[in-house]
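All chains should be built: construct the whole structure from the sequences, respecting the hints.
As numbered in UniProt numbering, residues 1 to 126 make up the sequence shown, in order.
Don't read these hints as lab results, they were simulated from the structure.
Don't take every hint at face value.
[What the hints assert, rightly or not] Here are the in silico distance ranges between beta carbons for each label pair: (1) Leu54 x Ile122: 42 to 50 Å; (2) Pro95 x Leu54: 17 to 25 Å; (3) Pro100 x Gly37: 32 to 40 Å; (4) Phe124 x Ser70: 29 to 37 Å; (5) Glu30 x His106: 48 to 56 Å; (6) Pro57 x Asp29: 19 to 27 Å; (7) Thr68 x Thr123: 40 to 48 Å.
Quick caveat, the model's predicted, so the values are computed rather than measured.
No residue lacks a Cβ here, since even glycine has one placed at the ideal position from N, Cα and C.
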Amino acid sequence: MKLVLLACLVALAAAAPRPDEDEAKILVDERQATADGNFNYRYETENGISEDRLGTPGSEGQSNMEGTFSYTSPEGVFVIVTYIADEFGFKADSPLLPTPHPLPAHAIEQIRVAEEQRAQGITFEK
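This is the structure in structure tokens:
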């Protein structure tokens, strides 16, 4: 019986809520919005997370947004991403984002030949 009681006490202690050490205080929180659909906001936290965002009404009924966010990764790397989101999609830019491999020389040559043929009016039927 003592073993069961001890196991229950250990389980209770392990499950007890702990103070959230990962919770960061917000240092800056600025928000502005207008009736015409424009907005911007900016925030910064004490652990280095931040974002700036500007929004405008888009031509297709969407909100166009552009901004930057940054944080420090668990590995200690500073990450900064600049982005634009509009009717053409979401486009992000950062030195840490992967980039496609360059096309091989033969593929570039094939594209060049195809463009020349297209300019000459040459077409190929399927």
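Hint by hint, here is what the structure shows:
no.: 1; hint: Leu54 x Ile122: 42 to 50 Å; result: 47 Å, holds
no.: 2; hint: Pro95 x Leu54: 17 to 25 Å; result: 22 Å, holds
no.: 3; hint: Pro100 x Gly37: 32 to 40 Å; result: 35 Å, holds
no.: 4; hint: Phe124 x Ser70: 29 to 37 Å; result: 49 Å, violated
no.: 5; hint: Glu30 x His106: 48 to 56 Å; result: 53 Å, holds
no.: 6; hint: Pro57 x Asp29: 19 to 27 Å; result: 24 Å, holds
no.: 7; hint: Thr68 x Thr123: 40 to 48 Å; result: 46 Å, holds
In this structure, the one hint that does not hold is number 4.
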